[in-house]
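Novice: Sequence:
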Amino acid sequence: PLLCAGVTVWSPLQHFKVKAGDRVGVVGLGGLGHMAVKLASALGAEVTLFTTSPAKGEDARRLGAKNVVISRDAAQMADCQASLDIILDCVAAPHDLDPYLGALKTNGQLVLVGIPDQPHPSPNVTPMVFRRLSITGTSIGSIQETQQMLDFCGQHNITADVEMITGEEVETAFERMLTSDVKYRFVIDMQKTHW
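Per full-length UniProt numbering, residue 1 is the first one in the sequence shown, and the count goes up by one each step.
The set of hints was computed from the structure by calculation and includes no laboratory data.
These figures come from a predicted structure and were not determined experimentally.
Please note: incorrect hints may appear among the correct ones.
To be verified - Derived pair list, reagent style DSS-like, types lysine-lysine, alpha-carbon separation capped at 30 Å:
| no. | residue 1 | residue 2 |
| --- | --- | --- |
| 1 | K105 | K17 |
| 2 | K66 | K105 |
| 3 | K19 | K105 |
| 4 | K17 | K192 |
| 5 | K19 | K66 |
| 6 | K19 | K183 |
| 7 | K17 | K66 |
| 8 | K66 | K183 |
With these hints in hand, go ahead and build the complete structure from the sequences.
Specialist: Have a look at this one:
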């Protein structure tokens with residue numbers, strides 16, 4: 001998982017030079033999001049997790065998030081307006097980007113790393129123009145970024161949270177993944193697989 005989810009979220013953290021004291025938002029606490037929280041926190045950033053599930057708050061804090069915002073709660077979203085330097089949107093389903101643009105400070109970056117099967121609704125460009133906001137995207141990373149991420153994870157004892165399964169459990173794991181019932185990646189143990 002580090003060679004996929006890890007470098008996918010590491011790449012924009014490095015590209016946009018996230019450092020200690022920066023305020024980083026992470027949308028979604030799944031395979032990508034949990035790594036984004038861990039890595040941004042280890043870089044010294046103050047991490048805010050956006051989630052639709054109040055049940056994920058405790059786990060988000062365990063992973064390093066300082067703040068948890070329930071994105072369906074308008075009051076909570078209003079409380080974090082213009083407060084973040086960068087947001088990594090790790091959700092792979094189409095959703096409204098406007099609330100996250102509103103959470104960015106002037107010159108903020110909304111980085112899309114989750115790839116939905118259908119396009120996101122078109123965002124309101126007015127705040128982008130008046131506050132010099134950018135929407136960008138990224139997937140995976142370079143060999144150099146991968147090595148840097150692995151070194152950083154080794155220095156900070158960061159691993160992906162995984163659930164080991166056998167090959168025979170792939171179909172069940174896929175069904176569970178579709179309902180977000182995994183923390184946070186499935187890994188197939190080939191030694192215990194008997195095909």
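Novice: Now tell me, hint by hint, if it's right for this structure.
Specialist: Against the structure, the hints come out as follows:
Using a Cα cut-off of 30 Å, the hinted pair K105 and K17 holds, with the two alpha carbons roughly 16 Å apart. With a C-alpha separation of about 18 Å, the suggested pairing of K66 with K105 holds against the 30 Å cut-off. A distance of roughly 16 Å separates the Cα atoms of K19 and K105; the hinted pair therefore holds under the 30 Å criterion. Between K17 and K192 the alpha-carbon distance is near 42 Å, which puts this suggested pair outside the 30 Å criterion.
Distance hint between K19 and K66 is fulfilled; the C-alpha atoms sit about 15 Å from each other, no more than 30 Å. Using a Cα cut-off of 30 Å, the hinted pair K19 and K183 holds, with the two alpha carbons roughly 27 Å apart. At most 30 Å may separate the alpha-carbon atoms for a hinted pair to count; K17 and K66 meet this at roughly 20 Å. For a cut-off of 30 Å, the pair hint linking K66 to K183 stands: about 19 Å separates their Cα positions.
Hint 4 from the list above is the single one not met by this structure.
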